[in-house]
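Peer 1: If you read the protein sequences in the order shown, they are chains A and B.
Counted the way this note's numbering counts, the first sequence spans residues 1 to 177.
Counted the way this note's numbering counts, the second sequence spans residues 1 to 155.
If you're looking for bench data, these hints aren't it; they were derived computationally from the structure.
Model, not experiment: these values are computed from the prediction.
Check before you lean on any hint, since a few could be wrong.
Counterexamples of contact, computed for chain B against chain A with all Cβ distances above 12 Å [stated by the list, open to error]:
| no. | residue |
| --- | --- |
| 1 | R34 |
| 2 | R41 |
| 3 | E54 |
| 4 | E58 |
| 5 | R61 |
| 6 | D62 |
| 7 | E69 |
| 8 | T76 |
| 9 | R87 |
| 10 | G89 |
| 11 | D90 |
| 12 | V92 |
| 13 | V114 |
| 14 | A115 |
| 15 | R126 |
Across the chosen pairs, the derived CB separations fall in these ranges [stated by the list, open to error]:
| no. | chain 1 | residue 1 | chain 2 | residue 2 | range |
| --- | --- | --- | --- | --- | --- |
| 16 | A | A43 | B | E78 | 24 to 30 Å |
| 17 | B | L124 | A | P75 | 28 to 34 Å |
| 18 | B | L104 | A | A107 | 31 to 37 Å |
| 19 | A | P81 | B | I107 | 25 to 31 Å |
C-beta: ideal position from N, C-alpha, C; glycine also.
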Amino acid sequence: MRPGVVVPLAVFAVIAVALGIGLQLKPSEIPSALIGRPAPEFALDPVQGTDKGLSSADLKGQVSIVNVFASWCVPCRVEHPLWEEVAKTGVPVYGINYKDKPQSAAAWLASLGNPYARTGADLNGRVGIDFGVYGVPETFVVDANGVIQLKFIGPVDRNALETQILPKVRELQARKP
Amino acid sequence: MNRFALVLLAALWAGAALAQGLETPLPDPAQEARAQELHKRIRCLVCQNQSIHESNAELARDLRVVVRERVAAGDTDEQAVAYLVSRYGDWVLLKPPFNGRTLLLWIGPALILVAGMAGVALYLARSRPTGPDLNPLTAEEKARIAELLGEERQG
């Protein structure tokens, strides 16, 4: 083929591939700046009606899942049963209750069940900001050294749980600290 | 305005302030001005292309408060911005920084312009006839052309 044909065709192909990749991206999912960094220092009182609060020290010692939730967050309701399931397998699931009214959060956990081994009531959202949270739900996988290894934005469905979150948990559990 | 109306107005105003979550400007006007300039540089993460200065989103309000706190705590502009970048990444800046990862973003348009101009220059250079004509007209063809042109002039 002549270069007069090949060159425009090649340019078109490059642009088409670049735009195609662009279409696959999800601009609403902001990459976390915290992957590979220790979880921020914090200490939160437990959500009303539960007895164990959550602090950064609790995130050390074993691989854990930190789920940011709120009673006003509708998608949180959707992913809630999955956390019950994960908690039963022995992986600690911790809940950060983001900018919620204490009584609403308590009622929410009372009616849907409480899968969280520990909860922290982040009443003013400052711990959320330290975690780079900009929407709820968000979920973090934290390794045994308290380092954030994965961030999942939005409600976790079964597919995300089994293809992203649990494999990461198992990979980190296999890694001896 | 009588006293009752004043009290009513004050009560309404307080209500409005509470509804906004008590976002109070910094007491020092210079610091407040700096904080507001910083607000314009920070992206509202839930609205994506608004700054937190313009956005009414709750997270934007929280971040405005954070920036004011950093400024009041004596942070320089860079330190206050770095505080947010360490949590939300470069994305939180409306104007991306110039670094290795954003090099293509910044110089990409210039590269495309240069490539386009080179393409046009190449095309023009090629289309201009240069060098000896490899397929010259034969004597017969020249005679035929002269004949035709002669006809035209006469006709």
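Peer 1: All hints are to be evaluated individually against the structure, with a verdict given for each.
Peer 2: Comparing the hints with the structure gives:
no.	hint	result
1	R34	20 Å, holds
2	R41	17 Å, holds
3	E54	16 Å, holds
4	E58	8 Å, violated
5	R61	10 Å, violated
6	D62	5 Å, violated
7	E69	10 Å, violated
8	T76	20 Å, holds
9	R87	4 Å, violated
10	G89	4 Å, violated
11	D90	8 Å, violated
12	V92	8 Å, violated
13	V114	15 Å, holds
14	A115	9 Å, violated
15	R126	9 Å, violated
16	A43/A - E78/B: 24 to 30 Å	29 Å, holds
17	L124/B - P75/A: 28 to 34 Å	58 Å, violated
18	L104/B - A107/A: 31 to 37 Å	51 Å, violated
19	P81/A - I107/B: 25 to 31 Å	50 Å, violated
The structure does not agree with the numbered hints 4, 5, 6, 7, 9, 10, 11, 12, 14, 15, 17, 18 and 19 stated previously, though it agrees with the rest.
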